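For reference, the chains in residue letters:
Number of protein chains: 2
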Amino acid sequence: MKIQEVERWGTFEIVMTGPSTGNPFQEVALSAVFEYHNDRIEVDGFYDGAGVYRIRFMPDREGAWRFITKSVTPELDDMVGSFVCTPPSPGNHGPVRVKDGYLFAYEDGTPYLPFGTTCYHWTHKGDRAHEQLTLEELDKSPFNKVRMCLLPTKDMRPDQVVYEGTCPEDVDLTRFNTDFFAHVEQCLSDLMKLGIEADLILFHPYDKQGGWGFNGLTREQDLFYLRYIIARFSAFRNVWWSLSNEYDFNTMKTVEDWDRLLQFVQRKDAYQHLSSIHNGTKMYEHTSEFDATKSWLTHQSIQHWDAEATTALRAAARKPVVIDEISYEGNVAKRWGNITGLELMDRYWTGLTRGGFIAHGECFVNKPTGAWISGGGRLYGESPERIRFLRKLMEEGPADWMAAREEGSYALLYLGKYRYSSYKLPMSADRQYQIELIDIWNMSVYSLDGTYAGQSDVTLPAEPYTALRVVAV
Amino acid sequence: MKIQEVERWGTFEIVMTGPSTGNPFQEVALSAVFEYHNDRIEVDGFYDGAGVYRIRFMPDREGAWRFITKSVTPELDDMVGSFVCTPPSPGNHGPVRVKDGYLFAYEDGTPYLPFGTTCYHWTHKGDRAHEQLTLEELDKSPFNKVRMCLLPTKDMRPDQVVYEGTCPEDVDLTRFNTDFFAHVEQCLSDLMKLGIEADLILFHPYDKQGGWGFNGLTREQDLFYLRYIIARFSAFRNVWWSLSNEYDFNTMKTVEDWDRLLQFVQRKDAYQHLSSIHNGTKMYEHTSEFDATKSWLTHQSIQHWDAEATTALRAAARKPVVIDEISYEGNVAKRWGNITGLELMDRYWTGLTRGGFIAHGECFVNKPTGAWISGGGRLYGESPERIRFLRKLMEEGPADWMAAREEGSYALLYLGKYRYSSYKLPMSADRQYQIELIDIWNMSVYSLDGTYAGQSDVTLPAEPYTALRVVAV
Chain A
1 MKIQEVERWG TFEIVMTGPS TGNPFQEVAL SAVFEYHNDR IEVDGFYDGA
51 GVYRIRFMPD REGAWRFITK SVTPELDDMV GSFVCTPPSP GNHGPVRVKD
101 GYLFAYEDGT PYLPFGTTCY HWTHKGDRAH EQLTLEELDK SPFNKVRMCL
151 LPTKDMRPDQ VVYEGTCPED VDLTRFNTDF FAHVEQCLSD LMKLGIEADL
201 ILFHPYDKQG GWGFNGLTRE QDLFYLRYII ARFSAFRNVW WSLSNEYDFN
251 TMKTVEDWDR LLQFVQRKDA YQHLSSIHNG TKMYEHTSEF DATKSWLTHQ
301 SIQHWDAEAT TALRAAARKP VVIDEISYEG NVAKRWGNIT GLELMDRYWT
351 GLTRGGFIAH GECFVNKPTG AWISGGGRLY GESPERIRFL RKLMEEGPAD
401 WMAAREEGSY ALLYLGKYRY SSYKLPMSAD RQYQIELIDI WNMSVYSLDG
451 TYAGQSDVTL PAEPYTALRV VAV
Chain B
1 MKIQEVERWG TFEIVMTGPS TGNPFQEVAL SAVFEYHNDR IEVDGFYDGA
51 GVYRIRFMPD REGAWRFITK SVTPELDDMV GSFVCTPPSP GNHGPVRVKD
101 GYLFAYEDGT PYLPFGTTCY HWTHKGDRAH EQLTLEELDK SPFNKVRMCL
151 LPTKDMRPDQ VVYEGTCPED VDLTRFNTDF FAHVEQCLSD LMKLGIEADL
201 ILFHPYDKQG GWGFNGLTRE QDLFYLRYII ARFSAFRNVW WSLSNEYDFN
251 TMKTVEDWDR LLQFVQRKDA YQHLSSIHNG TKMYEHTSEF DATKSWLTHQ
301 SIQHWDAEAT TALRAAARKP VVIDEISYEG NVAKRWGNIT GLELMDRYWT
351 GLTRGGFIAH GECFVNKPTG AWISGGGRLY GESPERIRFL RKLMEEGPAD
401 WMAAREEGSY ALLYLGKYRY SSYKLPMSAD RQYQIELIDI WNMSVYSLDG
451 TYAGQSDVTL PAEPYTALRV VAV
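If you read the protein sequences in the order shown, they are chains A and B. Be aware that the first sequence starts at 1, since it is given in the numbering used here, and climbs by one per residue. Be aware that the second sequence starts at 1, since it is given in the numbering used here, and climbs by one per residue.
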């Protein structure tokens, strides 16, 4: 007898057939309990259309697993089985977790530095060639996370949406479009193969009067939607939950609503994927309305245009700071999307050297493949190669660079727009340090002669957009 | 009989002789009452050494004035006289006053837009040739105000200081150095001839342990010093009082101390010159410690490195906002003094178009005449000519450009570091507007074809550091 196998943090799937009449999305409940030694983990299954039901599971330990299904529908109840969880294949490090307060690492311990980008609707064009182009571009890019929406905006009329129906007039909020979901899953797999995390945006506010109405569903409809998403997607190790984009721009929901929905996600997700919510303008201080200390937020997914805020954000919630929106490189008619590559890089360096993470976005008008931020395609900006350079420097440094700086063994210092003819470095007198001068725009690293020790006044060329890398020998 | 004449806002001076023994600075009180019709204005006189006493007065109305001196010292008491105040000579517009809440104008109504610079110790070198060089450079510059200190810093040992003595060990806090004051008065006159206001900094915190001790004088010593300064300088129409630079860095004084000293200045100064105090780091919000609504502050003399704060500062105190310190063009080893000319111009435009005023400073290392900010000399930076360009544009516009913008007749809009391919202008549909595109760095003004009316989406070249001037035809 051949035993089924699935690699650690891979997806094991149980496929069953059952009723196809009535509305199985609403009427048929299905789950399974997976057992590993004495540990039991229960996950929901989901209806995939045409009488097919699936239960997906992501095992996190190697060895023998057993399962048993549970349903009030007799055909789906009490099915038992087993599988063996094998070691992960190369490149599979498991889901990303928060580590040491402000950092991230994959579950196998490999450090993960989020260098994200944003392509809100790259999967909604109904154009596989365009998706392949986007995937190629992502593969060439320095980016290892992409923020992407599940729901269309008010004016979008994609071939398919999460629900059955193709326009606000005929959409059926009680039935999901299984083809739509299968397609998103294909995209999640595509990203996973490239080592890219999918920061899935589950709600957004860009659906005002006259649109789909998805930003003003009832509590029951919201939970119906979230339950289905979690059942289908949570066994993908590269999924992050971003409950909403710019949540405070949605006038149909309160902070209490968002809190309850986030608590629901936390309760239903058996794997505790990273989970957060992204703000609009409620960004300038931690208040009761924007309190990232809440236990259902694993990290801070911030919109803030001043990277210096990183320090205050770290202190306020003691969680990783990911500034997913800091203005995009581009030339559109809005301030959020028309900074230069140089300005974006200034913000990147300002944030990273303060212990935060910054994400990329790009929106140029009149480019052949449209605005990256909206639909993916090709990148036209000057920042991606500089972001790659920065990412490489970060990866060369200690995993916890802020702790190393505190301890005195390493520091990456960004001098910003300022021109220092000299700079006082408070190095330890007991150690020897090598100092490198970094040009963040021309991507050069120049080693200063000799070594330094103790408080030193280092002569510099007085150029803006430079950084210093100070490493104890 | 020939009647003495003095022009309006000029300085009338009574010279008398009296006791020269003992310590006349402390022991001899002298004042005079000046009468114009039924109006009576009393001002203090001062001892000028070698038995000479002077009383200075700045008449503000044309016509006949009478005076009578008052002193417990018989030789100085009860001297009467008269003079005629004549019309002001060309270029004499009187002292600068606050106008319409957030603006300034000379007393004759001529608008005054402060375009200041900073040369803290340009009068302390004991080198008249250097002072002439500084005056020449100021005359060529776009600047019409200079911030300057009366007191030396801890390590300075100028030929003379405000008091008798030349070093901390022999300085006599009970006697003023009249030659020092005569020299400062020469410099005030020099500035007046160039149409430049002197923003006199009376105290500063740069005099810590081992220095002169001027930042920790007793209340009586402070008042003795202020009374003498007001008696000597207040008849100069181009004087502003800046009670202290970076007052919050002086640990020897409290906010209450500063308030009392400012109240004293307000009470003693017969002409109510502009009066303020300049902050160090207490700049990010109006608090009880930094409350510019206090009646003895005529305007806000701010240190803040973010010009966008102008809006909040205007709203918080409803007084003119003068950001006298926004970081200087230069390349020294401190963030306050090493921004590029471009960055400084970005801050200028950001502040001015929000209804504030920005001041200039420059500090480059290794320049022939040293750092401008400290001692004057030559200017080496790239910002002055761009400041001249901005000043010219401001002078071409309406005196109250923020009110004109509100009213819809004029707007100067700065697009900052952003690159707009188009920009939505909410112009009135009832008027025709001409639009000009301004390159703030290359100092060009380009008129867009035709006229515009109503909400318009104006096509732009998507370049950073541009501004729009929109004028109703």
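Bear in mind the hints are in silico, worked out from the structure with no lab data behind them. Among the clues, some could well be false.
Note that identical chains are pooled: a pair holds if it fits in a single copy or bridges any two copies.
Straight line, CA to CA, 20 Å or less: simulated EDC-like cross-link-like pairs of lysine to aspartate or glutamate [as the list claims (entries may be wrong)]: (1) K253 <-> E136; (2) K367 <-> D77; (3) K253 <-> D139; (4) K367 <-> D400; (5) K367 <-> E463; (6) K334 <-> E463; (7) K268 <-> D257; (8) K99 <-> E406; (9) K70 <-> D430; (10) K208 <-> E343; (11) K319 <-> E62; (12) K193 <-> E107; (13) K282 <-> D257; (14) K417 <-> E308; (15) K282 <-> E308; (16) K208 <-> D179; (17) K140 <-> D172; (18) K294 <-> E463.
None of these values were measured; they are calculated from a predicted model.
So, going through the hints one by one against the coordinates:
| no. | hint | verdict |
| --- | --- | --- |
| 1 | K253 <-> E136 | neither (38 Å within a copy, 65 Å between copies) |
| 2 | K367 <-> D77 | neither (54 Å within a copy, 86 Å between copies) |
| 3 | K253 <-> D139 | neither (37 Å within a copy, 61 Å between copies) |
| 4 | K367 <-> D400 | neither (39 Å within a copy, 42 Å between copies) |
| 5 | K367 <-> E463 | between (33 Å within a copy, 17 Å between copies) |
| 6 | K334 <-> E463 | between (30 Å within a copy, 13 Å between copies) |
| 7 | K268 <-> D257 | within (17 Å within a copy, 62 Å between copies) |
| 8 | K99 <-> E406 | within (18 Å within a copy, 51 Å between copies) |
| 9 | K70 <-> D430 | neither (65 Å within a copy, 71 Å between copies) |
| 10 | K208 <-> E343 | neither (32 Å within a copy, 39 Å between copies) |
| 11 | K319 <-> E62 | neither (30 Å within a copy, 70 Å between copies) |
| 12 | K193 <-> E107 | within (17 Å within a copy, 74 Å between copies) |
| 13 | K282 <-> D257 | within (16 Å within a copy, 39 Å between copies) |
| 14 | K417 <-> E308 | both (13 Å within a copy, 17 Å between copies) |
| 15 | K282 <-> E308 | both (16 Å within a copy, 18 Å between copies) |
| 16 | K208 <-> D179 | neither (26 Å within a copy, 75 Å between copies) |
| 17 | K140 <-> D172 | neither (39 Å within a copy, 74 Å between copies) |
| 18 | K294 <-> E463 | neither (42 Å within a copy, 42 Å between copies) |
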